[in-house]
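> Sequence:
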Amino acid sequence: MHNPENTSIYSFVKEDRQWYIDLPGYLAHGGNKADLQMVEGADVLLNFMAHGKKIVTLQLDRAPFEGADVLKLVELCDAPKGGGYYVMHTFRKQAIEKRIWLCDVTLFVFGDMPECIYIRKLPFQSTPSN
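According to numbering that gives the first Met the number 0, the sequence shown holds residues 0 to 129 in order.
Treat the hints loosely; a few may be bogus.
[Stated by the list, open to error] Lysine-lysine pairs mimicking DSS-like chemistry, simulated, CA-CA at most 25 Å apart:
id	residue 1	residue 2
1	Lys32	Lys120
2	Lys13	Lys97
3	Lys53	Lys120
4	Lys120	Lys71
5	Lys52	Lys92
6	Lys120	Lys13
7	Lys52	Lys32
8	Lys13	Lys32
9	Lys52	Lys97
10	Lys52	Lys120
11	Lys32	Lys53
12	Lys13	Lys53
13	Lys120	Lys97
[Stated by the list, open to error] Cβ pair distances, simulated, as ranges:
id	residue 1	residue 2	range
14	Asn31	Gln93	29 to 39 Å
15	Gly29	Arg91	28 to 38 Å
16	Val86	Asp111	17 to 27 Å
Keep in mind the hints are simulated off the structure, nothing from the lab.
This structure is a prediction, so every number in the text was calculated from the model and none was measured.
Built from N, CA and C at the ideal position, the CB exists for glycine as well.
Start from the sequences, fold in the hints, and give me the full structure.
Here is the structure:
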């Protein structure tokens, strides 16, 4: 389902202390909002990046790009859990050693569970909804 022509910019929104990826295309394809919740370390990483804000915007790609940190796949999870565990060793050249689980929604975004996901936090931009 991955469309390489899609933008690689994704927003994550905090609602009642829970983080969700804003992925309307997934919902339009019959996906459940609960699947979009960031848990098992991904929420901790987003809190770290958010600096108290309720929206974090990230550029994500399977190929390296300037200014990107990397999430490295360390373990694929069998069904029914699915998804995989990733480790981010550094964020903006700072050692953080964060282990996170990404669910099968990653398959919707990338088409598979990439060995590496390159990630860069974009500057906070205020929108009318936040």
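> Can the restraint linking lysine 13 and lysine 32 be considered satisfied, given a maximum Cα separation of 25 Å?
With Cα atoms ~13 Å apart, lysine 13 and lysine 32 stay inside 25 Å; holds.
> For the hint 28 to 38 Å, verify it against the beta carbon of glycine 29 and that of arginine 91.
holds, 37 Å
> So if I understand the rule, the pair passes when the alpha-carbon distance is 25 Å or less; does lysine 120 with lysine 97 pass?
Between lysine 120 and lysine 97 the Cα gap is close to 15 Å, so the pair holds against 25 Å.
> Does the structure keep lysine 52 and lysine 97 at a Cα separation of 25 Å or less?
Within the cut-off at roughly 20 Å; holds.
> Can the restraint linking lysine 120 and lysine 71 be considered satisfied, given a maximum Cα separation of 25 Å?
holds, 17 Å
> Verify the proposed pairing of lysine 52 with lysine 92, using a straight-line Cα cut of 25 Å.
Holds. Lysine 52 to lysine 92 sits at ~22 Å (cutoff 25 Å).
> Would you mind confirming whether the straight-line C-alpha gap from lysine 120 to lysine 13 stays at or under 25 Å?
holds, 16 Å
> Between the alpha carbons of lysine 13 and lysine 97, is the straight-line distance 25 Å or under?
At roughly 19 Å apart (the allowed maximum being 25 Å), lysine 97 and lysine 13 satisfy the hint.
> A range of 29 to 39 Å was offered for this pair. Does it hold for the Cβ distance of asparagine 31 and glutamine 93?
For asparagine 31 and glutamine 93 the Cβ distance comes to about 35 Å; the hint holds.
> Straight-line Cα separation of lysine 32 and lysine 120 no greater than 25 Å?
Holds. Lysine 32 to lysine 120 sits at ~23 Å (cutoff 25 Å).
> Measure nothing beyond the straight line between the CA atoms of lysine 32 and lysine 53; if it is 25 Å or shorter, mark the hint as holding.
holds, 17 Å
> Is it true that the CA of lysine 13 sits at most 25 Å from the CA of lysine 53?
Holds: lysine 13 and lysine 53 sit about 5 Å apart, inside 25 Å.
Checked against the numbered hints listed earlier, the structure breaks none of them; every hint is satisfied.
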